Amino acid sequence: MGKLKMITRGIIQENPTFVLILGMCPTLGTTISAINGMGMGLATTFVLILSNMVVSLIAGWIPSKVRIPSYIVVIASLVTILQLLMQVFVPSLYETLGLFIPLIVVNCIVLGRAEAFANRNTVLNSACDGIGTGLGFTLSLTVLGLVREVLGSGSAFGWKFLEGDGILAFVLAPGAFIALGYLMVLYNKFVKSKIQ
Amino acid sequence: MAKVSSFRNMVLCLFLICFVCSGLLAVVNALTQEPIAAVNLAKTNQSIAAVLPAFDNEPSQDQFDVMVGSDAIAVYPASLQGNLVGYAIKTFSNKGFGGRITLMVGFLPDGTIYNTSVVSHGETPGLGDKMDASKSNFSEQFKGVHPANFRLAVKKDGGDIDAITASTITSRAFADALKRAYEAYQLIEKTNEEEL
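Chains as they are written, first to last, in our numbering: chain A, 1 to 196; chain H, 1 to 196.
Hints listed in this document are in silico derivations from the structure and should not be mistaken for laboratory results.
Honestly, I wouldn't trust all of these hints.
Stated by the list, open to error - If you anchor each label on the Cβ, the simulated ranges turn out as follows:
hint, chain 1, residue 1, chain 2, residue 2, range
1, H, A38, A, F157, 22 to 30 Å
2, H, S120, A, F89, 13 to 21 Å
3, H, R151, A, P91, 54 to 62 Å
4, A, L4, H, Q63, 26 to 34 Å
To be verified - Covered stretches of chain H (chain A as the covering partner; in silico rule of three or more C-beta atoms under 8 Å from a C-beta of chain A):
hint, stretch
5, 7 to 21
6, 30 to 36
7, 124 to 136
Predicted model only: the values in this text are computed from it and were never measured.
Positions of the beta carbon are idealized from the N, C-alpha and C atoms, including for glycine.
Kindly generate the complete structure, drawing on both the sequences and the hints.
In structure tokens form, the structure reads like this:
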């Protein structure tokens, strides 16, 4: 499998949000606006690429019975580093995402890729897989955030094109479920059916 | 993962991973500690400047605490050429819809509220977050009022505050935080009078 295909696989065939349906907690919780969704996606991508690389590097000498705790320690350390860096460089984004940043530790996508891919592949391939899966997650969250922002607050990427409020339900939790459901339907209809 | 798990290699492996990770975290923490403190200080200074008329001292250096009930409330006195121009009081309320709300309230020396700004909150986007001055004109009504002749409660509760539509709980919490700030101001005044 080529490197490019490894990247596009994470974005299309195995899109973490629309196909694997993993990491639903941040997906539903942070996509109030397109910017928030993108920030969350990129934060997860950062952790995913590095954790994939570290795991594939150390997987060779970890006894299989303690592999999950080892991966979790690696992932948790990377998330803490990310948290500290975000506080310095993007404090306002850090504040809006709040609790969802430390929760990347328990994100199924990150541990899932470590366990299902990185521990039996080379460092470079694992990095490609991390980039692909991360970008897939980022794209899905941005699209979902954009839909909710347009319908819910009448703006796109913070640029307001409609005076007053939008459909409030889309800003709140029910809107997240509704928008995600319809996006999944559209994804299955137009993208998934084509590649099979 | 080729290795057979034995008690010795499992302990050794976990010890090594934890050792390396904690060392790495210590380094990153040491590097980011100062920038994070600087970012937080800049944020505090910014919200002080937003709620008080022009001043030329460093209010965050003259900060002192006032005990309101059992809570320590931070007070930042501001002065221009040695004359007191007001107090910025960092107040809070735990009655918010999404937990604690932190506000910065600027009082002129005579007790008039100069301006207010929201430091942090967890209110619902599109509803409660309208208390933020950038989202609606809710906070405008507190500019230039004196709490002695402006009852700090929403109209529904017999006060003078126009609540945010559909966010009475948030408005009540805002009023609660302002009340706490005013109590802190009154305590400062009392101490000042005793000293004279």
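Against the structure, the hints:
| no. | hint | verdict |
| --- | --- | --- |
| 1 | H:A38 <-> A:F157: 22 to 30 Å | holds, 29 Å |
| 2 | H:S120 <-> A:F89: 13 to 21 Å | holds, 19 Å |
| 3 | H:R151 <-> A:P91: 54 to 62 Å | violated, 36 Å |
| 4 | A:L4 <-> H:Q63: 26 to 34 Å | violated, 56 Å |
| 5 | 7 to 21 | holds (count 7) |
| 6 | 30 to 36 | holds (count 3) |
| 7 | 124 to 136 | holds (count 4) |
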